[in-house]
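Novice: Chain A is already provided as a structure; the job is to place chain B on it using the hints.
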Amino acid sequence: MSIQGYLSIILHAHLPFIRHPEFPDFLEEDWLFEAMTETYIPILRMMDRLTSEGIYFRLTMSLTPPLCEMLADPLLEERYLAHLDKLRRLADIQAKEKMGTPFQDAAQSAAIELGEAERLYEEVWNRQLLPQFKRFQDMGVLEIITCGATHGFLPLMATDEARRAQISVAVNNYKKHFARAPRGIWLPECAFAPGLDELLAEHNIKFFVLESHALTAATPPARYGTFRPIVTPSGVAAFARDLESSRQVWSAEIGYPGHPNYREFYRDCGFDLPYAEVKPYLHLDGVRRNTGLKFHRITGKVALNHKEPYVPTWASQTAAEHAGNFLFNRQAQCRHLRSVLGTIPHITAPYDAELYGHWWYEGPQFLEILMRKAAFDQNEIKMITPSEYLAKERVHQEVTPALSSWGANGFFEVWLNSSNDWIYRYLHLAEEQMVELAQRFPDADGLLRRALNQAARELLLAQSSDWAFIITTNTSVEYAEKRTRDHIARFTGIYDQITQNRLEPEWIAELEWKDTIFQEIDYRVYTPRHQRAKAGAVFTS
Amino acid sequence: MATQDRSELTKKTVKELREIAKELALTGYSRLKKAELINAIIKESKAQAKSGEIKKPAAKAAPVTGANTQKDMQASAKAKTTPAPKAKADAKAKAKPEPKAKQKADTKTETKTAANASAKAQKASKPSATEEKATPLVKRKEEKLAVAKIKKGSSAMVAAEKAAVPELAKKKEAKDVLSEADALDKETAESLALLEQEAAAALAELKAAEEAILREPDTIYIDKGMLIPSYVRGTRLRVLVRDPGTTFVYWDSEFENPEGWQLTAYNRDGVVLDSFRSSARRAGSGYFHIPSLEIARVSLAIIRNGKIAETKLQSQVSLRNQIKTLKESEKWVDFHSKEIVHEAPAPGRAPQQHSPESLHLTPKDQARYGAPSSWIHGAAQAPSSDELLKRS
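Protein sequences appear in the order of chains A and B.
Numbering-wise, our numbering puts 499 at position 499 of the first sequence, and it's gapless, one number per residue.
In short: position in the second sequence from 1, add 1000, done, that's our numbering.
One chain only, chain A, in its complex shape (with noise of 0.2 Å):
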């Protein structure tokens, strides 16, 4: 049979830029370190497979600035590596001490996981997950797309200068990691609001992603919904998320990943082993945390103690059934929308990366037999890159699409409640001093250009829609709030030593030191357009 559809899937990497050199173990560094072993290294394991094998297959990821600028970091890396040999240290030792018993597959799996994971970072990568990514984006096989430069969220933003600069630096680092411009952007959570396809159509952004509703409550209507592309009035293609894709990965009721054969995310070594036996694994302050090794599967709707011991085998024909039922659903859905709406649709299905491997773990393995699967077993549905749809496909309908974001209720209610509103006037009025800084100094040099790039790097950490998030969920919020503060804080203490002319050289290097995003940052990106334009500045992308 003829082609019936087209299959974008997206995944969605992003984690805020958390970097503390002043202390020598962090919590929160953590959270990279574990979307590192469990999403980003698998999946380019995944994608070396294929590509030896040479089988056909499209992915499309967003690799965030912030995620891209920690990869990079030296020290990162090195604690990275310190966490990833104790972990594999810990599965070595469970994996001899469970021999015997129900928990012996598991723990042998995940040693030999984590070994093989250890040695490429180590030996083969050269602790570079970076050029790994560019090298299937220069295959053609992966399209690498930016977002904002520190995911701030842009509809919440007060002044177009503070949102021009989220994305001119987003382009910026871009290009500094793979060396060349990115042809679309992934819109901090989405978030959508009329105004911003202008901002993207400047800096030659080809595309986007939006929220379903985005286009089906459009202006005016998009007469596909979400199963083709539109363009917006400046000209910028917009792709918006389908459904039941999404609803079958995602939903906690009948998504893949509650499967009862899956690993249990929250049945963890960290809390099963013997303190003693568990302590050398854990932070400095010793406190029982998750490990990453789980030996346990999901079982059921049971208590975490009545959970059965996780037989990977078992995990992987899941797996593999699941990526024949997605393949199937998308063929079925694919031929229906055909015959109804006239066209080849185009299915749109973008997730968030660290659900596949991190919170889903077979989700990598998923992921690698549905490829499997799309290249070998069918023809109906062809996988493809929002690029080459649109240099595919050439006439889209014009639409301007609707106020939007992925969060909870479709609007923007995540980012702003009674919870986190308060943030929003310190920010608000720091976007609103970068601003006058940028037209004051329109060409700063030494000391003072430090100090004005150091503020447009505060001002952009401030602006992190992960602070937000973190509060209204409700779960490291004392982090949160403490990261907002202290960026809002070292912002204004820049601001006023500037315009008091009484810059501290050791307190701006102290910042420099801790905050070193975007090292390549030009504090004029805040500059006004109409400033920019009689001054002739060169400096956007």
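Any given hint could turn out to be false.
With a cut-off of at most 27 Å between alpha-carbon atoms, the simulated BS3-like pairs for lysine-lysine come out as follows [unchecked claim]:
#1 K1034(B) - K176(A)
#2 K96(A) - K1015(B)
#3 K1046(B) - K86(A)
#4 K134(A) - K1034(B)
#5 K1307(B) - K134(A)
#6 K86(A) - K1011(B)
#7 K1033(B) - K176(A)
#8 K98(A) - K1015(B)
#9 K1034(B) - K1046(B)
#10 K1033(B) - K514(A)
#11 K279(A) - K1011(B)
If you are wondering where the hints come from, they were derived from the structure by calculation, not from laboratory data.
These numbers were taken from a predicted model, which means no experiment stands behind them.
Specialist: Only chain B this time, still in chain A's reference frame:
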């Protein structure tokens, strides 16, 4: 150590290379990549061969003991590295300069806190008394075991070793050790029993110490983040659309002696849609729970002496960036050339998204699959892209 051969070193794994580097007393070797590590080893081994002596390993940094909570760790590190900037930045973040006396007092407090933290850090860097006590115990135990091993042969000792190590971890397992030790001769058994008692006591002490450190200490230096003022400079009113039914508004003011505020939302014709009052002083915020699309502007009025007086503060809802008015036409453009290919009045509703539940087929359903009939409801037949291209 003999000068290292590059080809041999290249064959080795990074772990093995690190071992060699450790033997050579190289510093900072764990940060080196493989090639750099090889170079460093060759260089160092050559240097040592030349001088005929091996450097002593550099003294390890004082270990941070388990007697620190994460907070203490952070505090001690902070105290070591950056006590002053915090004080500086806190002061800078304040909108108005503090009176001198207060500043002085603040500085004093900071210094004191930093000094406390520093003392704590120093304390933390030393091994605790319990650890000092426990370490020789472990050593003595190891020595005794070694002697016994020689005396009694290996088989009994394997059992003794197996039991002796967990015994250090848990008191209750000490009984197992004793039962194993019975198999040994009297002398070894007695010494093991003695050790067991001592180890158990030391462990109990350690456990108590561990429990103690998990509680927040009386004097703490928690890096809770820098202070920011509860309001920001200036007078402003800003409105943010959160969703179609909710609009957030916040304000800062420098008006004197307000008793409160009244916030009013108007539509385009100036008709009042909703209002609420706030008793906030300098800064406040609130939400309008009315259709956001209808709000054209919001105004702030001050309440003083029980009377309401309008201020000049007004904020318009930005239609450009937040809510767009509806257009009733349909336009198709060439993505590359940006030319309009087809434009016509919109025929009606767009195809609706199908109900996801109706589409999802489980693997079980897959066998008896029949094509769902109502994925898209009431969709007008749209022109295909081929047709559109032809029209152009």
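Novice: Against this structure, judge whether each hint is valid.
Specialist: Here's how the hints hold up against the structure:
no. : hint                : result
1   : K1034(B) - K176(A)  : 25 Å, holds
2   : K96(A) - K1015(B)   : 21 Å, holds
3   : K1046(B) - K86(A)   : 32 Å, violated
4   : K134(A) - K1034(B)  : 22 Å, holds
5   : K1307(B) - K134(A)  : 66 Å, violated
6   : K86(A) - K1011(B)   : 24 Å, holds
7   : K1033(B) - K176(A)  : 22 Å, holds
8   : K98(A) - K1015(B)   : 25 Å, holds
9   : K1034(B) - K1046(B) : 18 Å, holds
10  : K1033(B) - K514(A)  : 24 Å, holds
11  : K279(A) - K1011(B)  : 34 Å, violated
This entry does not satisfy hints 3, 5, 11, going by the numbered hints stated previously.
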